[in-house]
Structure formats: C-alpha cells, structure tokens
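A.B. asks: Residue-level listing of the chains:
There are 4 protein chains.
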Amino acid sequence: MVTLTRSYGERVLKNSAVMLVQCPDQKGLDAAIADFIFQHDGNILHFEQHQAGEERFYLARVEWDLSGFQLPLDHFPEKFTPVAKKFGMHWGVALTSYRPRVAVFVSKYDHCLVDLLYRQRNGELACEIPLIISNHEDVRRHADFHGVPYHVIPVSKGTKREAEVAQQRLLGEHKIDLIVLARYMQILSPEFIANFPQRIINIHHSFLPAFIGAKPHQQAYDRGVKILGATAHYVTEVLDDGPIIEQGVVRISHKDGLDDLVEKGRDLEKVVLSRAVRWHIENRILLYANKTVIFE
Amino acid sequence: MVTLTRSYGERVLKNSAVMLVQCPDQKGLDAAIADFIFQHDGNILHFEQHQAGEERFYLARVEWDLSGFQLPLDHFPEKFTPVAKKFGMHWGVALTSYRPRVAVFVSKYDHCLVDLLYRQRNGELACEIPLIISNHEDVRRHADFHGVPYHVIPVSKGTKREAEVAQQRLLGEHKIDLIVLARYMQILSPEFIANFPQRIINIHHSFLPAFIGAKPHQQAYDRGVKILGATAHYVTEVLDDGPIIEQGVVRISHKDGLDDLVEKGRDLEKVVLSRAVRWHIENRILLYANKTVIFE
Amino acid sequence: MVTLTRSYGERVLKNSAVMLVQCPDQKGLDAAIADFIFQHDGNILHFEQHQAGEERFYLARVEWDLSGFQLPLDHFPEKFTPVAKKFGMHWGVALTSYRPRVAVFVSKYDHCLVDLLYRQRNGELACEIPLIISNHEDVRRHADFHGVPYHVIPVSKGTKREAEVAQQRLLGEHKIDLIVLARYMQILSPEFIANFPQRIINIHHSFLPAFIGAKPHQQAYDRGVKILGATAHYVTEVLDDGPIIEQGVVRISHKDGLDDLVEKGRDLEKVVLSRAVRWHIENRILLYANKTVIFE
Amino acid sequence: MVTLTRSYGERVLKNSAVMLVQCPDQKGLDAAIADFIFQHDGNILHFEQHQAGEERFYLARVEWDLSGFQLPLDHFPEKFTPVAKKFGMHWGVALTSYRPRVAVFVSKYDHCLVDLLYRQRNGELACEIPLIISNHEDVRRHADFHGVPYHVIPVSKGTKREAEVAQQRLLGEHKIDLIVLARYMQILSPEFIANFPQRIINIHHSFLPAFIGAKPHQQAYDRGVKILGATAHYVTEVLDDGPIIEQGVVRISHKDGLDDLVEKGRDLEKVVLSRAVRWHIENRILLYANKTVIFE
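Residue numbers (our numbering), protein chains in the order written: chain F, 1 to 296; chain D, 1001 to 1296; chain V, 2001 to 2296; chain H, 3001 to 3296.
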C-alpha cells in the first residue's frame, strides 16, 4: 500500500513533498492529513481535494514545505501508516528533489522526441532522460545533440518478443520510472504493458475515441471533420482505450490536405504529450474508474 | 442542372447575386465566369475558387453587384446555360434579396430554438422562419413570444409514418427551403430524408464521429474525454454520417459532472448550429465526396 | 470581519455551506479549518487552497455537507471567531440554499440580458433576479416575457446624480447582493461604486487592457487585430481597471467588417459575463492584489 | 510598380506562379486577370479576391499551373504591364520554385530560432536560411547543429549604428529577402527599418496592443489577465505598431506564476511566428490601411 517512489519536480527546485491519496470518503479525512503534517511542523503549500463518482470517492493531493518538517521522509511511511490504515487510504509520497527517470520510445517521426528533449533541457520537465529506444536509426542525431544514449532495437513480426526482452533489460538497468511513447509505431505486448501499470504514456494523433487504430489522419481527412485532435493517454491492454490524460484540438478546413493535417497535428501532439508527461512526473494524476483526475 | 432556388442574405441587404459552381477542372473556367459577368456589366464583389481531391475538382463561389447588371436574373439561366454546358458545370444562382424559408424542428430542449429565433430577429440569420414543428408542447412559449406558428405533431412508434406525412404537408404549404433539427429527438425516415437532399441540418451533441448515436454526453463522460464537442451536419440516411458542416469544442475536466457537460454543451450547440444554418442560407456550402467546402 | 451574507448555489440544491478564507500564511491553517468542521461532524466536500504572491498569502475555499453538521449556521460565527482571530483570517460563510439577489442593468443591447435571464430560468444561475434597471425602454419585452419588473430610469448629463439616487433606492428596497452591468452604457459615479465594493460586475467588449474606453470594437477593427476579446471584471473607480474575473476570445480575419465584430462579440460577451456571474454567486472568487483567484 | 521578387513555396514543389494584385476596384478586374492567364494557356489553381474598406479596394491572389503556360515568367512583366496600367494595379508575381532567403535575428531565448530551423529542415517552411545574426554567443550550438552560419554582432549603446552597418553588409552579401526577429531584444533604428519595408517580421510576446513595450509578461501578470497572447507583426518605425500578421492566445489562471507565463508563452510564440513567416514566404499577405489581408 505504501510506495515511496515517484517524485515531484518543478523549475525552481522546491524543498517539498507531495502526497497523493485516494480512498472511500469519510468524515475527518482532510483533518487527519492536515493535522498529521501540522503536528510534524510542516507548512502545507497546496491542498486540493476532489470527490468522484456517485459514491463520492475521495481523491487528494497535498504538497508541503519540508523546511522545518520534523519527520524525515524515510520515516514517513512508518508514522503515517496508522492514519492510512484507519481510513483505508491508497497513498504515496514523493520528494520534489527526486527527478523521475524517463525512457522515450520513438520510431521515425522525431517531433515529439525533439520537443521532449528541448523541454527537459530548459527545465520545463523536471526529469532525467537516461535513454532513448527506437526501432530505427533515423532520429539518432537529435539524441546525439542532447547527449542521450540512443539504443536501436529493431522489431519485426518474428522478433517482437525478443525485442521486448532487450527493451526491458535496458529499462531495468536504467531504473526507469516512466516510458513515453513519442510516436513509437509498434504495439507493445500485454505482458510488457502489465509490467508498467500507469507508467506508459502514449500520444495518439486523433481525438480519441474518434479514429481509433491506424492512420487516424487519413480517417479524419476522409470523414471531413473540421477539427483535428490529439490524445495523450496511459497505455492499457486494449488498444487506444487507456485513461485519457490530456487532449488538444486545432481547426482544419477543406483547404487542408492530408499533408496539412500531418503538419498541424505535429504542433498539437508535442504540446499535448509534453503536458501529460509533466503532470505525471509532478505527481498530479490520480486514476478513478478508468479516468484521470488532474490536480493542475 | 439549373436551379434558381435558394438565395443569399446578409445583415445589410445587398443588391447582389451569388453563383455556386462545381465541375471537373479545365483551363478557362475562371475566365469564362468572370467574363460572363463583366460582359453584362456586373461588378464582382467576391470570387473564391477551390480545388478538391486528387483530380482537382473545381468548386467556386462568385458574388457580384447587381446595380448596373444588364441581365435580369430571370434570364440568367437562359444566357448562362451555354457557358455551363461547355464546361459541364453543376451550378445555381440566387438573389441576395431572397430570404430562404426555414422550418425548425424541436423536441423538449429549447436552447437551440431560442438561439435561432433570437438571431433571426436581430438580423444575423437572413431567413424567414414561417413555422416550428415539435413532437411536444413544452417549448411553445418561445414560439409565441416571437410570433411564430408552433405545430405539435406527436410521434410514437405506431404513428411515425402518419406524423411525417403531416409534417411534409406543412413543409409543402409553407414552401420550406431548409429544415433545421434543433435538438429534435426523433429519427426521420429515409423516405423523408430523400425528399430534402442537402436541405436538412442537424446538431449532434458530440464531436462526430466520436460518440455516434444516443446519449453522447453520457458516452463522453464515461470515456473521460478532456474536450467536449458538437457537430452540425447535413442529414443523410446513415445515422450521424452526413457531411459535417461545422464543429466546435470546449474543455472539460474531472470536475465536470454529467450536468456540467449538458450545460457546457448547450453553449456549444447553439453556436455551432447557428453558424451552419447561416452558411447554408448564405449559399456558402458546396459538397464534394461527402465533405463540405465552406466559402466563409 | 464576519459576514454571513452571500451564498452558494448549484443546479441541484445541495445542503451545504461554503467558507472563503484569506490571511497571511502560517502553519496549521488547513488543519485548523478541517478540524473545526470535523469536530462539528461536517463532511468536507471540496477543499482547495492556493498561495499567492511572493509572501505566499493564504487563500482557501471549503465546502462541507450540512447533513449531520452539529453547528447551526447562525451560531457558526460565534464559534469560529476564536479560530479566525488566532490566524488573523478574513473570512465569510454562506449557505448553498441562499440564492443571491441580482439586479441587472441594461441599456439598448439586449443579448447579455436575454442570456442571463435564460440561464437563471433554466437553473444554471442559482440566483434571484428581482429587477432590471435600464435607461431606455427598448428591451422591456424580454423582462416582461420572464416576468421580471423592468424599471426605466433615464440618465442625462444633468440628471445623473438624481438617477443614481433612484437606482440605489430600488437596490436597497430589493436587498440586492450583486449588480450586473449587462452592456449598460452609463458610467457609474465613484460614490455609487463605493457603495458596492466587489459587488458590481461589468462586461467590457474587448480583451482588456487592450482597447480601454469607448468603442472597443471600432478600435480593434482599426488596429487590425486577428483575435477579438471580451472581459468580465469587478467595477472600481478607475475605468476598465477593476480585477478581471474572466476573459474570452474569438478569431477574426480581414473578412470581418465592423458588423461581424459586433456579432462575434455578442456570443463572446454572453458566455464570459455569465461565467463571471456564476462564479460570484457560487462564492468561487477571492481578491488578492487587484487580481482574482477563481476556485473553479 | 513591377517587382519580380519574392516567391512561393510549398512542401511539394509545385510548378506554379503566384500573382498578388491590389488596386481601386473596377468592373472587369477578375475577368482581365483570368483572361490573361487563360490566353497564355495557364490553368488557375487558386483565385481569391477580397474587397477592403468602404471604397471597396480590390485585393487578389492568383496561383496558376505553369505546365503548358506559354509565357516564360521573364517575359511576364512586359506582357502584363499593359493590363496592369489600364487598371492602375500594384502587383507582383513570383515562382513557386524560388525559395526566399531568410535571415533570423536572435538574442538569448532560443525557442523561436530552434522552431524555425526545425520547420525549415522538415520542409514546412519553403525558404533558405543562409545566416543567423545574434548579439550574443548563447545559442550558437543550435545553428551549428543545423549547419547554419552564426554571426555574432554585439550591440551596445555606443555601437548600435556600427552594428547595424555590419548587419546590413551581411544581409546584402546573402541577398536576404526577409528578416525574422526571433525574440531579438534590440530595437532597430528607423534607418534600418526603412531599408526593409514589409520585410521584417517580429514576434511580440503579448496580445498587442495590450502590453506594448518591455516586459509584456510582467505586465500581463500584474494586470491579472486570464488569457496570454503573442503577436507576429511587420516592423515599422513606431514600436509594436506595425501591421499585425497573426496572433495566438492561451488560457492562464491565478495558479500561473511569472515563470509559467514564460513557459506557456514559448509554445505560443513559436506557432504564431512560424505561421506568419510561412504566409509571408508563400506570398499570402497583402497590406491595406496598416492591416494585413491573409490569403490562407
């Protein structure tokens, strides 16, 4: 129940901690959490609480200043567990100073990769990117420019399992917290996905659930829609059906050919994907009923 | 091939004519049209031409000033037909001063009806609304306020054919040019639809083709999308599959319950539907390959 | 310091209370508030806390369920005051079941008035509208349709003071909580404004601070902007300088004449103004440093 | 009057020509242009004509296929001049195959530069970028990555004139058609600007005319606006007053600090600037009354 794993980052490194909590709603939850932090001399910076569903399931995100906080984070689980048990909380806490380790998967389209690397370098994304995995050589020069190791693991029908084994070995070696599929054009196996629950983010170049599957731009063009979409979502076993984290749209018209859709889509995909990644690494996302709750 | 039917309207009544043309592309098309108008002393106000598809199908909209134009519109077809035949044009011409006759169909939700009546009254929609047809009494007071006859024709499983006969009699009596389904909750029969090709506009409260069919807000809520849509389209025999005229979107979040979706959807549906109706009555829409070309 | 005045409304009338709090930040604030509510057997439905400025000023909104709450709201101030005093809180509490009393001021443009009345009638705006005040007869029929008393108080240079006296008498008689200037084209005197601090909302038809003052659409047209804006703000003594509550925009192009700007502006103004009014009557707005904090 | 200068580019290099025309409106303009092209066996691909102002000034863009066109573009001016003189046209024609030569000016913020280089490399911007000029060394590595010469010309109060002389020498040597100020933080002298009329595009990080001058993000933050803007415009002698080419906006809230505004602004500035540059190099912009007409 207790996971002291992923952490929270911001441009200016704050000396703070973040706790995410979910459980059935009961009286006294906010008081119990706020009291616990106060009793150990913490100053709460943000407290946001939401209730979901008809049964009003409780979901909360609390961030507090660690200066003067009397409880070392190492001892936090031990002390907080009695409180958590009393309310049946599912919870996790993380340090702002920890930078999650992100692996980017990419194929031939480089726009999302280039964008993620740029944002990571300028501090917008408070994470490490220790490696990039691709099934092609094509975009290596961007990895080289940013000094990120670039691993090519080709994938063909017969070698998929073997490729995934190699990928998972690398992910393990680099202690990867999050996998970002930045227009990676291979479908991962259910076994692979099961190893990274709520830890794989994909960008789909349509307004899901419209245009599920292959060639969404072609589908959008053929249907004559007036608005183009992009969707960042967690990857689950069912294709393009995982919890949606973020979506964006842009207007198109009859003047836009398929090439224009691709170009307009690029700008959209970059922004939507980077926002989803950011929310994840800043511990702003909770899941409830296959939907995301975003504490912006 | 020649139809001297629907017309063009604007806030300030212009003394102008609009021609819509489509045909396979050939050299000399623009010159032939522009020359014809110039030879009869017309001054072209707007000329916009688009090419669609890989074969570059020609689609154009031309509006010209009628002051000083030497050819009465009555004689236009006779004189222009030789030009049109030479190029194999499918065309139509209309007077700005003609106000299309629009029938609004409505059930119990009144927001689109109220909006259309308001826009028609203040001059945004240059059309007549000689009647409203509903399967319920509920929204009559808005019709009364604006002095528009309100006809209740109940529809049940057994009486659908009979109801449609009554509806079509009214539409015929009032020489209706366009039917607007302003959240009308009955599905029209293929026979009815066939009588009004490209002359029925519907508003669907989702971002088509996502959430086709009933209860799109519930579907959107259950899927956890981050953006809500609305779609105005021409009605064809296949449900929610007709050419899309306009779409709009609004952001939603986990904080929005189903009620909020309904409320946010209302604002969207009004704007999207009224824009589609306006483009239609101002002769700004051409169809090609089940898609619309909008000459804004 | 204690005001038990305005209240909180929602579509489904909830039996809940809302507290807004602001004060210098200190440790223990969240705990103190959450504890107080818990000790009286209240169940917190929403807790959102924000910190503003470099000194991290504390701003919070708390809503809790009153079923089972052991403290009658009448006695709330007496009991809560010691807590408030300890932290130097500026605070207020309101019942969801109280519907604020709103006076709408209007001149000749009726679109915002019509929109507000419609939203109030369908339950989107949980308020009473006991009267409309205008300096013209023009839009009376909409008031009549909704059965709202419509008072005409003409305003000319010489009669402004006298007119304001008459207006304030009406406002007092009807115990008005909030004044909404729905395209009211007269400038209120500083004395009038001083009587309703943070209780007058205006809609300005531009993206403030661009195009301050008269004829913003003309100014926008002359400058050739590509985006049109609208701004809802609290009225203060300095023209168009009060705290901004909400803004909206719509794209325009060289094809849009001044008339088109007016039409596109209407759709914008309605949505922006109604959102601001809603947030106000639902007690979702706090002020800090001439800026608004919106607890959506 | 005749300028056979800038050209037109697209992803797939089309063998076409583009003509931009403006003059007082008269009957027969469209016919004269379309006839001229038809007589020389050209097939018009796009014809769009707009009328501006109360006097209905004529503005048009025509693009035609050059396959089979009987008039070499070298001889075009000679042949077309009689037509142009008759109507008093101000006009220009350009080949699609010509790629305008663009100089990018930059200071320390690299996001717009990186974006422009990326779009030029992937074909979205059909231009050459033969050089980058900066007053700082900071962003040289991006120029190196793309293999574009990077010239540092420091600017201080005393050396401004001298620096501009050096800049203009480089621009002349490289036959630069267009200067793009990609967050270049120096103000150019009126003399410099006069040498490049309608040939310098700047990105201003606000919704002009709001927040003219220095530190627009700080100004926006202090005013508490709810929407952040960016504006691409031609540079004229009056600061931030040139014709607006494109604007974009993004929502912000009280949760966004100044740093967030800077980050959200970056995404906006990139998209807005690149769109303006593209329209310029594709000959889609005409000027009328200090405003732009965009033939999208």
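If you are wondering where the hints come from, they were derived from the structure by calculation, not from laboratory data. Incorrect hints may have been included.
Claimed, not checked - When the alpha-carbon atoms are kept at most 25 angstroms apart in a straight line, the in silico DMTMM-like pairs for lysine to aspartate or glutamate are as follows:
#, chain 1, residue 1, chain 2, residue 2
1, F, Lys79, V, Asp2035
2, V, Lys2291, V, Asp2035
3, F, Lys215, F, Glu173
4, H, Lys3086, D, Glu1055
5, V, Lys2086, F, Asp259
6, F, Lys255, D, Glu1055
7, D, Lys1291, H, Glu3048
8, D, Lys1014, H, Asp3240
9, V, Lys2157, V, Glu2048
10, F, Lys215, F, Glu128
11, H, Lys3291, V, Glu2048
12, H, Lys3264, H, Glu3237
13, V, Lys2255, D, Glu1048
14, D, Lys1264, V, Asp2035
15, D, Lys1291, F, Glu48
16, F, Lys14, F, Asp25
17, V, Lys2215, H, Asp3240
18, F, Lys86, V, Glu2048
19, H, Lys3215, H, Asp3144
20, V, Lys2215, V, Glu2124
A.B. asks: Would you mind marking each hint as holding or not holding in the structure?
C.D. replies: Here's how the hints hold up against the structure:
| no. | hint | verdict |
| --- | --- | --- |
| 1 | F:Lys79 to V:Asp2035 | holds, 20 angstroms |
| 2 | V:Lys2291 to V:Asp2035 | violated, 30 angstroms |
| 3 | F:Lys215 to F:Glu173 | violated, 34 angstroms |
| 4 | H:Lys3086 to D:Glu1055 | violated, 36 angstroms |
| 5 | V:Lys2086 to F:Asp259 | violated, 64 angstroms |
| 6 | F:Lys255 to D:Glu1055 | holds, 15 angstroms |
| 7 | D:Lys1291 to H:Glu3048 | holds, 21 angstroms |
| 8 | D:Lys1014 to H:Asp3240 | violated, 37 angstroms |
| 9 | V:Lys2157 to V:Glu2048 | violated, 47 angstroms |
| 10 | F:Lys215 to F:Glu128 | violated, 32 angstroms |
| 11 | H:Lys3291 to V:Glu2048 | violated, 45 angstroms |
| 12 | H:Lys3264 to H:Glu3237 | violated, 29 angstroms |
| 13 | V:Lys2255 to D:Glu1048 | holds, 13 angstroms |
| 14 | D:Lys1264 to V:Asp2035 | violated, 36 angstroms |
| 15 | D:Lys1291 to F:Glu48 | violated, 45 angstroms |
| 16 | F:Lys14 to F:Asp25 | violated, 30 angstroms |
| 17 | V:Lys2215 to H:Asp3240 | holds, 22 angstroms |
| 18 | F:Lys86 to V:Glu2048 | holds, 23 angstroms |
| 19 | H:Lys3215 to H:Asp3144 | violated, 30 angstroms |
| 20 | V:Lys2215 to V:Glu2124 | violated, 31 angstroms |
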